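Protein chains: 2
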Amino acid sequence: MNDITYKPVGIIHSPFKEPEGAPIQPSASQARGTIEIFPEFVPGLKDLDGFSHIILLYHFHRSRKPELVVRPFMDTESRGIFAIRAPSRPNSIGFSVVRLLRIEGNILHVEGIDILDGTPLLDIKPYVPKFDSAEAERIGWLEDKVGKVESARDDGRFS
Amino acid sequence: MNDITYKPVGIIHSPFKEPEGAPIQPSASQARGTIEIFPEFVPGLKDLDGFSHIILLYHFHRSRKPELVVRPFMDTESRGIFAIRAPSRPNSIGFSVVRLLRIEGNILHVEGIDILDGTPLLDIKPYVPKFDSAEAERIGWLEDKVGKVESARDDGRFS
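Top to bottom, those sequences are chains A and B.
Under the numbering used here, the first sequence is numbered contiguously, ending at residue 159.
Under the numbering used here, the second sequence is numbered contiguously, ending at residue 159.
Quick caveat, the hints were computed from the structure, so don't treat them as lab data.
Just so we're clear, the structure is a prediction, and the values are computed from it rather than from any experiment.
Just so you know, nobody snuck in bad clues.
Which copy is meant is left open, because identical chains are indistinguishable; a pair holds if it fits in one copy or across any two.
Straight-line C-alpha distance at most 30 Å; calculated DSSO-like pairs for lysine-lysine:
1) K145 / K46
2) K17 / K7
3) K130 / K17
4) K7 / K65
5) K130 / K148
Turn these sequences into a full structure, and let the hints guide you.
In structure tokens, the structure reads:
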């Protein structure tokens with residue numbers, strides 16, 4: 001299949017300048033950040049301010065070469081890359097649900113960010129529970145480890 | 001910022017051969033489909049079978065040229081592209097949460113699919129409610145329209 005090329009529509013600003021020490025999921029962060037939308041895309045923000053939460057899709061620009069089987073932050077065993085959330089993926093696309101606080105011109109103020117400063121933004125979608133949340137009855141290897149997410153921090157292993 | 005290039009890791013097979021008539025969200029579909037992972041990426045599927053739901057990121061290969069303000073399927077007014085889920089986006093990345101039924105070799109059997117047949121797959125992530133679901137108290141223009149999703153169908157306007 002053909003390669004697919006995207007152009008960033010903005011840039012994410014956060015308190016996390018380096019991978020080491022950053023939270024590893026939005027649910028583990030109360031950190032605030034801003035999303036700068038490039039001027040030519042600002043018309044696309046119309047009506048977004050009605051949503052309390054938004055989906056951010058972005059490029060893990062600091063991730064190292066992908067590996068298919070790696071050890072995640074919260075585990076001692078190696079797992080398949082599609083079964084974990086690490087950035088060093090075949091296509092290094094990141095996904096986070098964050099709270100939208102307000103929009104001022106081309107700047108979105110958000111809360112609950114786990115994204116490195118300077119990350120290129122690919123897309124924003126409105127978060128809609130009916131579309132995007134599922135009653136997941138099984139979460140695999142994370143079952144007895146998901147509680148560690150608040151204390152786990154990036155140790156730089158994927159960058 | 002630089003362009004970002006991705007290579008598909010697989011291809012999505014579904015009953016929906018054309019945009020017209022397809023469901024517009026996974027929550028409006030009980031349809032089953034399969035995801036064919038290209039052989040070189042199969043080691044990355046290790047441990048994924050423990051998860052009841054997975055996140056699919058894919059390229060809307062049939063979407064037309066992006067527009068920043070468009071009329072969504074479930075509304076009579078035009079909305080900003082970042083406030084709707086239409087495929088004709090600046091970067092045409094699709095996002096769906098689907099149920100994983102089983103994995104056989106390089107084939108994932110899934111349920112609740114709203115994706116066109118032949119769609120290039122970019123990434124799979126395990127769906128984890130603690131990371132990915134939010135108590136969204138506001139869903140903007142969708143507030144009184146989200147109930148229409150079960151009956152709304154693609155009419156081909158974005159392809």
